[in-house]
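Undergrad: Chain residues, written in single-letter form:
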Amino acid sequence: MTPSPDHRRVTMSDVALAAHVHKSTVSLALRNQPKLNAATRERIRKIAEELGYRPDPMLALFNLHRRALVPPRSAGAIAFVSDLPTPAAFARSERHEGIFAAAREEAKRLDFTLELFLVGPAQLSPARLSQVLLARGITGILLGVLSPATRSLNIDWSRFCVLGIESMQVEPPVDNVSTDYCQAARLSVLQLWRRGGRNVGFIVANDLGAEIEGQLRAGYLVESHAKSLGRIASFCRLNEEDEDIGRMLQWIDDEKLDAVVGCGVNIAGLSTRLHPDLVSRITWVSIDTRNAPSAGLSVPALLGELGRRAIELLVMRLQINLRGLPPNPVTTFFPVEWREIEK
Amino acid sequence: MEKSGNDAGRVTIKQVAQAAQVHYSTVSKALRGLGRIPPATRDRILQIAGEIGYQQDSVMQALAAQRSQCSGLHRETRIVFLSNRWAADDPEGEAFMLDSAVEASAPRSCERERVASASRSCERERVDSASTAESRFMRQFADGVQHQAELMGCACDLLSVGDEKFDIADIKSRLDPARTDGIIIGAFDPLLRQLELEWSRYAVVKIDSAFMLPEATLVANDQLQIAQTAFRHACRLGYRRIGMAVGQAEEEATQSRYSAGYYVVREELGLPEIPILYCREHRDDPTATARRMVDWVREHRLEIVLSSWNSVREFLRDGGLQVPRDIACMCLCLNVPDPALAGVIQHHFVVGQKAAEALALLIMRRKRGLAMPSAATFVAGTWQDGASAPPRDSREP
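These protein sequences, in sequence, are chains A and B.
Counting from 1, position 199 in the first sequence corresponds to residue 199 in our numbering; the numbering is continuous, with no gaps.
Just remember that our numbering sits 343 ahead of the position in the second sequence, which is counted from 1.
Bear in mind the hints are in silico, worked out from the structure with no lab data behind them.
Computed from a predicted model, the values in this text were never measured in an experiment.
One thing to keep in mind: the hints can contain errors.
Derived contacts from chain A toward chain B, CB cut-off under 7 Å, selection only [to be verified]:
1. Arg-217
2. Ala-218
3. Val-222
4. Glu-312
5. Pro-329
6. Val-330
7. Phe-333
8. Phe-334
Here a beta-carbon is modelled for each residue, glycine too, at the ideal position from N, C-alpha and C.
This is chain A alone, in the form it adopts within the complex (with noise of 0.2 Å):
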């Protein structure tokens, strides 16, 4: 930009004196600030444009420089929210504690704290959560990893940044990041195939919802075709709590499986308890880090990852004021890796 003398450069001022707002109106406006209704921010933004307004790059920098000689103050707190019962079946979970661990420890990085709010009969409901996040100003919402039961939340969305940790069955949908299901099935059958497995079937935990079951579903039929190997997925739901051993031999046998992949399940824990003859004659592989099995095939699952990218992602959000649901929800999956413990 050259400045000339009848073209000086727009300032905030200028736009204000057009637009017949203060000027720092003006300034919430073109920080997409949602405190100001979406109408007047877009007429300000547009009229900013008009007038060719551009925010100065080295005031910007200096302000940030600025904003840094203020002690390190926290950017605010984002939420945690899961709908397990008790803090206490909350911290027995590996799968959420895993999750939240690593999410705090990110969130931490970038300035920001993470909180645990549980919603539920016995815990808070969905609207006394939306008020309470609203009176203490926390506009960011991680769903860490909700039930298959929890299919939606009464929360005013459109007064929060939110993203789900594998919980797709919410609706209305919210953007998601996920272990990669559909390729952690394509991997476990091609390893499969490769040691002579032609019979997979999978077992998969009662807490995965029927999303994640149609990723590993999906998985598993296109790698099947690709191999000409039985058509038809063979699936198995388990209780973790009461894994219910005689139902599972039945299916075993009804379906003359030579591989068992487990989805969430304790494979190291379930083969202790069945006939070492079917022990070996069965190759095993676990999805899942949950209960890592001390030998066997296994596709570690992604805690930590999971919970440190969607903290990530949330704050790049939340520092451009992204506000509500996505009108096309997105998921973001991520690749889990082959591995092989020896005994």
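Given chain A, put chain B in place with the hints provided.
TA: Showing chain B alone in chain A's frame:
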């Protein structure tokens, strides 16, 4: 900053240099205690600076300090959207053709010469319009990238490269590594298998081109969800014999995600298994493609075809079938709502936005070079009713 008066009297580093009879960069080093300057010289310069009243400008110092340690996104972050396959009528495509002097008409002209001769003119017209429709998505990707870049306060340049006359030296000459933080690779043509740049210099995100090296963070339309959505709607509308026809190259590009979506819903709903029709050459030889498609429809007594081609209706018509009287169809990659054509709208603009966002995240983490294994972000499509797939009950028996 006060401008008048003070500025004239302010002692600058250059005046110190003049008085000390050294270059001003030496003064700078002496003042900051950097570089290899004999201690005697340093002391002499500091003394002279003190004598003539040199004072560091705190504002400039602040700016310099901030600039040297700026982390994350700041105003100067610059990303480049690199692509070929612009629509023939897109100004971006034209710009390229002009400045690299590719011969007139569209870049694909020599492929098109191979189009069969019989109904040549009419076919060429259709191939052109179809490929234009398919290429228009590039403009939408680019718009999405630019929109998001603006929201995040970083600069974004579009860089278009040729198609057949693809020239790596040309790209390199127009990429300025010192000023470029990240590159988004637009959906390149499947003909191109590999792109070689100095990847370690940049953060990299790819759009829709999983088939192509290098491996990088991917952002794409969610073909898995899109195929599932179309299949479920076909079933809801009363269709049972549902077939899917997609391009071989596209399926390779997406790691068979359309197929995966088809298989999983077909199995869930327990509908007849019909082999997916993969076509290799639909752009080059539409007559053969139309014939293959219609043979496949007849062999499997299909009621509806789900296809990733915008021109699916024309293929069926050319093969002698009336849509929707003889066969219904859905398009899996609508660009805009079309009341005549049922299917799933793909949101290329959003894909562009998410690509810019993913790239900004990598830049923020100072992740340069190619990440293996890399994350993939998929944008869901939106169902759109249309006359090409009416509810089955309402059709003539």
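Undergrad: Each of the hints needs a verdict: does it hold here or not?
TA: Hint check:
1. Below 7 Å, beta-carbon pairs count as interface contacts, and A:Arg-217 has one with chain B at about 5 Å; its hint therefore holds.
2. Given the 7 Å rule on beta carbons, the hint for A:Ala-218 holds: about 4 Å separates it from the nearest Cβ of chain B.
3. A hinted interface residue such as A:Val-222 counts as satisfied when its beta carbon comes closer than 7 Å to some beta carbon of chain B; here the least separation is about 4 Å, so the hint holds.
4. Hint status for A:Glu-312: holds, given a least beta-carbon distance of 6 Å to chain B, under 7 Å.
5. Evaluation of the A:Pro-329 hint against chain B yields a held restraint, the C-beta minimum of about 5 Å falling below 7 Å.
6. Contact between A:Val-330 and chain B, as hinted, is supported at the beta carbon level, the nearest pair being about 5 Å apart and thus within 7 Å.
7. Taking 7 Å as the C-beta contact cut-off toward chain B, the hint placing A:Phe-333 at the interface holds, the least distance being around 5 Å.
8. Hint status for A:Phe-334 relative to chain B: holds, with the closest Cβ pair at about 5 Å, below 7 Å.
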